[in-house]
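The listed protein sequences correspond, in order, to chains A and B. If you count by the working numbering, then the first sequence holds residues 5 to 719, one letter each, in order. If you count by the working numbering, then the second sequence holds residues 5 to 719, one letter each, in order.
Derived by calculation from the structure, the hints in this document are not laboratory data. None of these values were measured; they are calculated from a predicted model. Please note that the accuracy of each hint is not assured.
[Stated by the list, open to error] Subject to a maximum C-alpha distance of 30 Å in a straight line, what follows is the list of computed DSSO-like cross-link-like pairs (lysine-lysine):
1. B:Lys540 with B:Lys604
2. A:Lys6 with B:Lys289
3. A:Lys137 with B:Lys162
4. B:Lys137 with A:Lys137
5. A:Lys467 with A:Lys597
6. A:Lys107 with B:Lys698
7. A:Lys540 with B:Lys137
8. A:Lys163 with B:Lys540
9. B:Lys6 with A:Lys306
10. A:Lys467 with B:Lys636
11. B:Lys289 with A:Lys203
12. A:Lys574 with B:Lys428
13. A:Lys162 with B:Lys74
14. B:Lys263 with B:Lys74
15. B:Lys428 with B:Lys329
16. A:Lys163 with B:Lys74
17. B:Lys497 with B:Lys698
18. A:Lys540 with B:Lys7
19. B:Lys264 with A:Lys597
20. B:Lys698 with A:Lys500
21. B:Lys467 with A:Lys467
22. A:Lys107 with B:Lys329
23. A:Lys392 with A:Lys231
24. B:Lys699 with A:Lys264
25. A:Lys400 with B:Lys137
26. B:Lys329 with B:Lys6
[To be verified] Coverage of chain B stretches by chain A, computed from C-beta distances (three or more under 8 Å per stretch; other residues unrestricted):
27. 227-240
28. 410-423
[To be verified] A few chain A positions that, by computed beta-carbon distances, are all more than 10 Å from chain B:
29. Gln81
30. His119
31. Gly158
32. Glu196
33. Glu235
34. Asn249
35. Ser304
36. Phe308
37. Gly376
38. Val399
39. Glu402
40. Lys417
We put the CB at the ideal spot given by N, CA and C, even for glycine.
Number of protein chains: 2
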Amino acid sequence: MKKINFIFGVHNHQPVGNFDNVFESATKQGYEPFLDVIERHPNIKIVFHYTGCLIDWLEKNRPEILNRLKILVEIGQAEILTGGYYEPILSSIPDVDKSGQIKKLSDYIKAKFLHTPRGMWLAERVWEPSLAKTLSEAGVEYVVLDDSHFLSGGIEEKKLRGYFITEEQGSAVKIFPISHYLRYAMPFAIPEETIKYLKSESSDDPSTLLVMADDGEKFGVWPDTYKTCYEEKWLEKFLTLLEENSDWINVMTFSEYVKKFPAVDRIYLPTTSYFEMGEWTLSAKSQFEFEEIVAHADTSIKRFLKGGFWRNFLTKYSESNQMHKKMLYVSQRVSELASSGRIAIRQNRGIAIPPLLNLLYKAQCNCAYWHGIFGGLYLPHLRHAIYKNLIEAEVKSEVGSRKSEVEVFDFDKDGQDEIIFTNKIFNIYAKPSYGGAITEIDFRPTSYNLTDVISRRFESYHKKVDIAVMKSESKKLEVIHGVYYTKELELQKYLKYDWYNRYSLIDHFFHPTTTLEKFSDSEYGELGDFVNQPYKREVGCSPRLQSGVSKANRKSEVVLRRDGHLWTEKGPLPVQVVKSISSSKSDIIIGYKITNNSSKECEIWFGSEFNFAFSNPDDENCFYKMEKRCEKFNTKTCFEKTSLLKISDKNLNLNINLMSSDLFDFWVFPIWTISLSEGGFEKTYQGSSVTPNKKIFLKPKEMFEFQIKISIEKL
Amino acid sequence: MKKINFIFGVHNHQPVGNFDNVFESATKQGYEPFLDVIERHPNIKIVFHYTGCLIDWLEKNRPEILNRLKILVEIGQAEILTGGYYEPILSSIPDVDKSGQIKKLSDYIKAKFLHTPRGMWLAERVWEPSLAKTLSEAGVEYVVLDDSHFLSGGIEEKKLRGYFITEEQGSAVKIFPISHYLRYAMPFAIPEETIKYLKSESSDDPSTLLVMADDGEKFGVWPDTYKTCYEEKWLEKFLTLLEENSDWINVMTFSEYVKKFPAVDRIYLPTTSYFEMGEWTLSAKSQFEFEEIVAHADTSIKRFLKGGFWRNFLTKYSESNQMHKKMLYVSQRVSELASSGRIAIRQNRGIAIPPLLNLLYKAQCNCAYWHGIFGGLYLPHLRHAIYKNLIEAEVKSEVGSRKSEVEVFDFDKDGQDEIIFTNKIFNIYAKPSYGGAITEIDFRPTSYNLTDVISRRFESYHKKVDIAVMKSESKKLEVIHGVYYTKELELQKYLKYDWYNRYSLIDHFFHPTTTLEKFSDSEYGELGDFVNQPYKREVGCSPRLQSGVSKANRKSEVVLRRDGHLWTEKGPLPVQVVKSISSSKSDIIIGYKITNNSSKECEIWFGSEFNFAFSNPDDENCFYKMEKRCEKFNTKTCFEKTSLLKISDKNLNLNINLMSSDLFDFWVFPIWTISLSEGGFEKTYQGSSVTPNKKIFLKPKEMFEFQIKISIEKL
């Protein structure tokens, strides 16, 4: 009789920073009913991966789930996989953190489940060949990856019926390919389909194996799957079918399989993830083209079609890069402290946990660093959690080590120097090469990055918004990768695209036809070439040159200069912008000098734009205030001729005062992004743009000088 | 006026182990006349990379070439790139060797040319993302790679007009994309074509850059290119055109460019090399399919088509893997010795060179580890050079450290244990999981791997042998990647394919219809399931279990057993083969016990096959000898009913005696492979198969016992 081995693995995860009610409903809709069914079928072996983020929440809120898991391990029904504790993209974090994250989850599994994990779930299956050594050295014997890159390397699909072995510098690790077919069939086709497929692949070779391992959220948490899996009993039926066919389907664990059978072959996999990830990491234009090509390609061609590489989310989204480079920066500081032995240790379940490391590890959770078809990077609460942990770790890592007040180095790894000011209240990141803009303002007392605003970018799926709106009335249960539901209608009008990054301290010279409406839609005329063009750091202000100056006299001030042009109808007009950035206690002080360097008089319309990551656009307790006028963050409006705009965000516990040394108009408008989520298209408030602006008449060689002060205090 | 920057780089290399006359003619045909022309155009900036293998030869044989190069550097005309000294595929060697190889070449360049190299030539442009850190830490600022993977990541071709910047764990390195168009145009189209292309790409952006960097052998060494480049003066004309158009073509070096211009953007490249390499590393069948798809794909699709990953040459060719894993094994021993500080140092030009490290580095030269359209792995002299250096390094690394006589571990990283015997004369590698075969016999007195024979495999280009034979009369100057010349006619009859690896100690049970002719063509009937199936190591012989035994009594012997079957017409016949391998001084002693485990009597025809890497098939001083009969290695013949076959190879300085305890027939035949080289299809003698065989009548449960002794001595 032809037989087949079958491994069923689920990976359960909720990102760091996700809302408590999401953890709760995911547990109720997915993790818990899944366990209920599994417990009723003690003969069906199952492999689980729970990420540390989820484990932390369960320990606190639903510890009995973990205890039930422990029993499944005890009776030999379940195998538990390790992984990076807070589910980082392993290749994107420093080596020392790679092993630290794995060790943390392995230690937990050993202590909690009295089970030594042998295999690992690799976050998002983002594989790089050098990982074999890292994993092997962390005690990982095998890892589970997608079948697509085995195929593209020239291996026949029929050969993917076991595991393979790879190595880096002689350190070996085994790789199980996940069946693409089963990943799409379970639970999206009737249970009999999977049994039928297993039958068709059964063979006389006793080692024949198929693996289905994928997100556990497919079983109850993704839209409509609760109905399928539990109300319509997909899972119960499937496990019953496995039992009924146990004479030829041998459901087993990875550890049982490797004990019994040798590797199919040696293999080297390139940088890879699941096929869809390769689409998402492409630039939007290429993504669209790629999807078209894939849709029309037959299997023989498709196996050689490859999209992009995970790490290019860091080039696709500058916000992702900013977060990633800050993570590397903080990791470096934490490592230095750890290697000096001056790191505090706490005990938990007999495991030594340095709280500082834990903050760093939390901040490496992958979800906020990229975006595919779930919210990811577009979700402010996820990004804010990353920054919160990073800033806390940063502040804690300074204890005992004096940090210089101004650092000048290539922070974001684009080959150009950035400047970081630090005092007790702020970290301020300035980027001379890009408009002399401020890319980050961390308010240290609440560990909040106040400028964490995502630019509005074209996403390839935006072309489908119309279709989605039409379809939103007639939902059907389909594979989440194929169909887009729409949560809200009338999203089309929010599809506006920024031509520059929504940093702060952006220097605009508006065309006379500009209106707030046009500006907020990024459809206005920019006369200047300052917004995203390089500024020079004034040499006299180089902190390096201050080394001879006594500490008390050193100024934490940087002066940036650009000799640019206004591109008027009468020809280019040379204009110089010199701006200084300094901070004093809870104030950030910006000094501006704008000089008409032409021989003609001119009227310029200047605006300095800030983008703040406010909490809630509709909350009445979060508002702008000018004299007696009060407006919510959702407002698109102009506060006319004022020198003080007060901003209050009670959720962030922040009061922000924007003061100008002259009377300015203050334009404010909200930034909405349209992105995909499990539930379809979604409109997300990223923050608001605040632009003090003013028309100024300048004679030849005349200079206009003014100051903007930003005071930020805890409520 | 629209302008363009242009960088012209050449990479000059000859592999470790190449024939002296090849070095000589390459210098005369390529490296020297190239310099002659360059020297006549002192205003044309040029970038050179000379590999250490070539530098070593030039230092010894043509030192004035290097002195002329030094002058070009002194006058600022030339920039010199560093690299791995002996041109290893950097990602395939241990980290410590990566930095060691780069340091060695950088140190040489500093000492010889008084020039600190800032950029690097990456061997075969085999990139892996983790290399950014390695390179950055080795002081490399920039590297030159192919444009294809920039495109596939979603970057528009028009954007590839400068350099990009990447990072690993915060360590950054710059990457210059090489223009695919120019790589094919130079020197294969008339010089005016390149100028025309530069013109079409010139722009108002002063940073616009195109890079052509490729093998220097294209300029004189590849077939017909001497005629083009020097007789027909392609190079002279091209440089003159560059001079004549110097008002808009700015020929510069990489270091000049990075000083002047910032990076175009940040980028992360996946595992990559040039496009063609991705084809070659695929399995032959996939390669053929891929080539067909590429040939019919338009540009929009082609950018997303990717072939395989360099490291899979190690899975495509088991011989490549054997060499690679031996390299890792020796590197590990050398590293241990180096870290213990017990490594000898020699001085050369004020640079400290540990000779042991140098042997290891030489053995990492990439060419013999893979095969594309040049000989590479198929060339015995290149492989022999790798093994010679490895074995010498291995022997030297044992000084002072006692090596165990038998090691059992997963040497080749397939998940199964191999066994390595070592005494003063031999290293013998046995592979229980594959027929209990011997995969390597190193004769230590001459540092020679006697079993280094390549199996005859189907290569995708074999389908083109017929066409090539037809075309060979009408040669034209075309791009080497497109057209195959044929060196010899009647190659078709040598296209025979092995169904098992040409190891030694392979246990055959021949079908009664087998003849030497059929056997040598690998087109015979194999009744047994022993050739490539797993043997068990007898537990009593495990070296681990001998730990309680006194040293003098320990037997360096391993016993392997397989209970297999002969698949006869009358049904499967259970047969047991037990074979022991031991060595004593210059003898390898094989003991065989073959048992008929069935209840029927049977006649079996058993043969134990060895494959030896002899030097020369046609040399009269290299021969088999049985009594008075003497035959060259080219011979396909049977030495009937003998117990002694003498083998003598004067080029290898070896005498080999094969002795059997019974009278056997000794079949011998040569192994020819057909592979591609610069000059077209090429027939290569890999060695000869030697198979003592005998028909044996066995009663039920009867055992036949015999011995084969291989004595190897220096002439």
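**Request:** Would you list, in rising numerical order, the hints stated earlier that this structure does not obey?
**Result:** 3, 5, 6, 9, 10, 12, 13, 16, 20, 21, 23, 24, 26, 27, 31, 35, 36 and 40
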